[in-house]
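Engineer: Protein sequences, first through last, are from chains W and V. Numbering of the first sequence is given in our numbering, commencing with residue 1 and proceeding in unit increments. Numbering of the second sequence is given in our numbering, commencing with residue 1 and proceeding in unit increments.
There's no promise every hint is true.
Among the chain V residues that face chain W by a calculated CB cut under 7 Å, a handful are [as the list claims (entries may be wrong)]:
1) Gln-115
2) His-119
3) Leu-140
4) Pro-141
5) Leu-142
By construction, these hints were calculated from the structure, which means they are not laboratory data. C-beta atoms are modelled at their ideal positions from N, C-alpha and C, and glycine is treated no differently.
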Amino acid sequence: MTGLDLDLKLTAQSSFRLEVHCKIAETGVTAIYGKSGSGKTTLLNCIAGLQAADAGSRIVNRGDIWQSDQCFVPPWQRNIGFVFQDARLFPHLNVRENLNYAVSRRHRESNISFAKVVDWLELDSLLTRPATQLSAGQKQRVAIARALLSSPTLLLLDEPLANLDHGARAQCLHYLQRLRQMIDLPMLYVSHDMEEVSHLADKLILLEEGKVQAQGSVVDLCARLDTRLSHDEQAATILLGTLKNHDSEYGLSELDVEGTPLFVAQLPEIIDAQYRLRIPARDVSICRQRPQASSILNILPVELIQIEETTGSRVLLKLAFGQQFLLARITRKSVAELNLQVGDSLYAQVKSVALLSETTENNS
Amino acid sequence: MTPAEVQAIWLTLRLAAVTLVFLLAVGTPLAWWLSRRRTNLSAFIESLVALPLILPPTVLGFYLLLMFAPHTIIGQLWQQLTGSQLAFSFNALVIGSFIYSLPFVVQPLQSAFAQVPAHLLQAAATLGATPIDQFRTVVLPLCKRSFITAASLGFAHTIGEFGVVLMIGGNIPGETRVLSIALYDQVESLQFAQAHRLAGGLMLFSIVLLFLLYRSNPQGLWRSNT
Chain W
1 MTGLDLDLKL
11 TAQSSFRLEV
21 HCKIAETGVT
31 AIYGKSGSGK
41 TTLLNCIAGL
51 QAADAGSRIV
61 NRGDIWQSDQ
71 CFVPPWQRNI
81 GFVFQDARLF
91 PHLNVRENLN
101 YAVSRRHRES
111 NISFAKVVDW
121 LELDSLLTRP
131 ATQLSAGQKQ
141 RVAIARALLS
151 SPTLLLLDEP
161 LANLDHGARA
171 QCLHYLQRLR
181 QMIDLPMLYV
191 SHDMEEVSHL
201 ADKLILLEEG
211 KVQAQGSVVD
221 LCARLDTRLS
231 HDEQAATILL
241 GTLKNHDSEY
251 GLSELDVEGT
261 PLFVAQLPEI
271 IDAQYRLRIP
281 ARDVSICRQR
291 PQASSILNIL
301 PVELIQIEET
311 TGSRVLLKLA
321 FGQQFLLARI
331 TRKSVAELNL
341 QVGDSLYAQV
351 KSVALLSETT
361 ENNS
Chain V
1 MTPAEVQAIW
11 LTLRLAAVTL
21 VFLLAVGTPL
31 AWWLSRRRTN
41 LSAFIESLVA
51 LPLILPPTVL
61 GFYLLLMFAP
71 HTIIGQLWQQ
81 LTGSQLAFSF
91 NALVIGSFIY
101 SLPFVVQPLQ
111 SAFAQVPAHL
121 LQAAATLGAT
131 PIDQFRTVVL
141 PLCKRSFITA
151 ASLGFAHTIG
161 EFGVVLMIGG
171 NIPGETRVLS
181 IALYDQVESL
191 QFAQAHRLAG
201 GLMLFSIVLL
211 FLLYRSNPQG
221 LWRSNT
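In isolation and in its complexed conformation, chain W is listed as follows (with noise of 0.2 Å):
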């Protein structure tokens, strides 16, 4: 059995219910998505065991049974990572003796060594500084190393930028990437927050009062009409591009897009890297010719594919756009005088400002 098997029930006293069941894939980043109150945390407290499931449930985790009708692995015993929103540093200790208290209990041999995760996470100079005399950011990253160096079989991140102001939120994010990059650590990201998920997660769950109302690749369910994703005010789609080109003379980065050059404010990488772009569906306007005296950069032709079903005053369309896919929300009332039909083709406008870059992945 490989992954993470949930099976799980949890009926608390005010009328709150979780019901998930649901595999985790043993592999990558795993984001749980939701509003406040959807039950991500208890769910993940759940995994953790540091809260029990109803009887009935059962919870897996490659082949080792953590909770069943017969049993329930302490949380001690489960071999998990978990970073906590709010750090939870030992108040009594330095840096150097909270990571110390990780690698003195680990349960396995791990490659994971305490120097390469200080190196990872820069940690180095704070390694003898209390651990009350730390920024958030910087608690955050010694809460991350600290629950790698315990050496664990998954890890458990609960929503760990929610309490960051912006810039230190931007630094985290990024190590986290790297993390992701350097180990071969399955993770659960909780978090309400769709553009951290756009940068770090593989797959996505998507949570409603405690019930699974989505699964898949992130990719792929951003792109989807059906899921409450698309129709938040910051819905966006994922676009994969390949890095070709830095244009000095104007501070851009060309990418390739399915054949299609796409302008982005220059970035500091390498060429030939994957990137993730981020197209919010609402700075993406519909032409049905291609526009030629426009200050728009990117204009990409794409097929219309679907029509959301609506009486509001703005629909969602999604757009094929090679392999990949686009939304983009615009009124009903445009829809009905350029008479947009599925099966057209069309030019979709992308405002190059939209275009978030951060993360190097292979498309899959």
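Knowing the structure of chain W, use the given hints to seat chain V on it.
Structural biologist: Same frame as chain W, now just chain V:
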């Protein structure tokens, strides 16, 4: 000092030390339990523990004396187990002192434990620490000052007790004649000069101890520093 006084001081210190061992051994888990559970049972136990704070020591001593008498179940059981009588013995003083000083150990510990954030223990658990390990490596260090406070108060309170000792211990030199009893004897026989030595010494000891405790706990003795 007279040999009798030295003997009384030595006996008192021995009583306080032995009692303290029992106070910490029983008081620590009891305080932990009380700090984590809120049930009717825990509230009842809590009030039993606090009883000596308001009850005249003579009341407690009176009932202990009745319980320890040779013809009672406890008295006979003790006789069979140890071959000696419980009432008017050093052991009876230890039991009496233990009950009498228990709130002074349990209350500071309980309030300190209650202030240890449960989420730190969760973090320790996910890092592989068993509950005993969590207690040893997180709770103990965070409550260190409260332990010192609890031990000091328990020790000092045992040294200063009079009523319970008088009721269940009587006045046997080397066995139950502790400082406060010796002092009472001296005053009764109008030996004021000697009484000053014991009373003054005890006063000085108490002031110094309390001064040291309050100085190291600016927020008060019942608060921990977590």
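Engineer: For every hint, state whether the structure bears it out.
Structural biologist: To see whether the hints hold, each was checked on the structure:
Proximity of Gln-115 of chain V to chain W is violated relative to the hint, the smallest CB-CB distance being about 12 Å (cut-off 7 Å). At a threshold of 7 Å, the smallest CB-CB gap from His-119 of chain V to chain W is about 6 Å, leaving the interface hint in force. Annotation: interface hint on Leu-140 of chain V violated; nearest CB of chain W at approximately 10 Å, more than 7 Å. Among the interface hints, the one on Pro-141 of chain V holds; its C-beta lies about 5 Å from the nearest C-beta in chain W, closer than the 7 Å criterion.
Here the hint on Leu-142 of chain V is kept, as its CB sits about 6 Å from the closest CB of chain W, short of 7 Å.
Hints 1 and 3, counting from the list given before, are not met by this structure.
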